[in-house]
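Asks: Got chain A sorted already, so can you dock chain B onto it with the hints?
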Amino acid sequence: MKDVRLLAEPFFPGAFVGPFTNAHPGLGGVCTFVGEVRGGDGVEALELSQYEPLTLRGMNELADAALARFDLMGLLILHRVGVMLPGEPIVCVSACARHRRAAIDAVDYAMDHLKSDSWFWKREKRHGEWHWIEPRAEDHADLARWS
Amino acid sequence: MAVRIVFLGKLADLANAPELVLEGPLDWSGLVDRLHGALGEAVAGERVKLALNGEVLPDKTALDARNGDEVALLPPVSGG
Chain A
100 MKDVRLLAEP
110 FFPGAFVGPF
120 TNAHPGLGGV
130 CTFVGEVRGG
140 DGVEALELSQ
150 YEPLTLRGMN
160 ELADAALARF
170 DLMGLLILHR
180 VGVMLPGEPI
190 VCVSACARHR
200 RAAIDAVDYA
210 MDHLKSDSWF
220 WKREKRHGEW
230 HWIEPRAEDH
240 ADLARWS
Chain B
25 MAVRIVFLGK
35 LADLANAPEL
45 VLEGPLDWSG
55 LVDRLHGALG
65 EAVAGERVKL
75 ALNGEVLPDK
85 TALDARNGDE
95 VALLPPVSGG
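From first to last, the protein sequence lines are chains A and B.
Using this note's numbering, read the first sequence as starting at 100 and increasing by one per residue.
Using this note's numbering, read the second sequence as starting at 25 and increasing by one per residue.
Next up, chain A with everything else stripped away, as it sits in the complex (with noise of 0.2 Å):
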């Protein structure tokens, strides 16, 4: 099964971790990421913006890419959009597969596509100013380990 969402307001990923693993009855590992807003560096707040018509269609696309290139069972996608705050989630991958390799190497190949090629604009407010954050090319080699 494949669920891909963008989320609004602040969520649990237990909540929808929980579910999407039950939903795979014989399933040998659930491998799970949570990404977070990292705190420290004057850091007060986090807002991603998205474009509707391509950031929801590019998830389902890299969803569908990653369940045609490893041997999963079900893929879970969850991403925040809007203003997020220190220690709040922003993304949450879990994969469940007949064998571990599988879904630990879908959730990294997830991620790595999630954090540099989907359609997300991101800026942070470091001591009550708003600063636009740039594409890290630690994020490009990250995404080439894939290519």
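Treat the hints with care, as some may be off.
Sample of chain A residues at the chain B side, in silico, Cβ under 10 Å [said to hold, decoys possible]: (1) GLU151; (2) LYS221; (3) ARG222; (4) ASP238.
The hints are simulated quantities; they were obtained by calculation from the structure and are not laboratory data.
Ideal placement from N, C-alpha and C gives every residue a C-beta, glycine not left out.
Replies: Frame of chain A, contents of chain B only:
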């Protein structure tokens, strides 16, 4: 019905608005002509992509927007 222009990321800051409505038909030079100052320069930059009705154009200068269309101006993504 006119052409709806949607600004993403820092382009929305430069435009002082998330959207703008322009009378169609609208080609690439017509669009850039109507976006002044730093906004026009940013949009013309080669790293800004353009989507017409949700499809990214391989060549933004081939824009041919009619009334009722939506044009999105997409600066480089910063990732999730």
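Asks: A separate judgement is required for each hint: does it hold in the structure or not?
Replies: Each hint tested on the structure:
no.: 1; hint: GLU151; result: holds, 8 Å
no.: 2; hint: LYS221; result: holds, 4 Å
no.: 3; hint: ARG222; result: holds, 8 Å
no.: 4; hint: ASP238; result: holds, 6 Å
Hint compliance for this structure: every hint is met.
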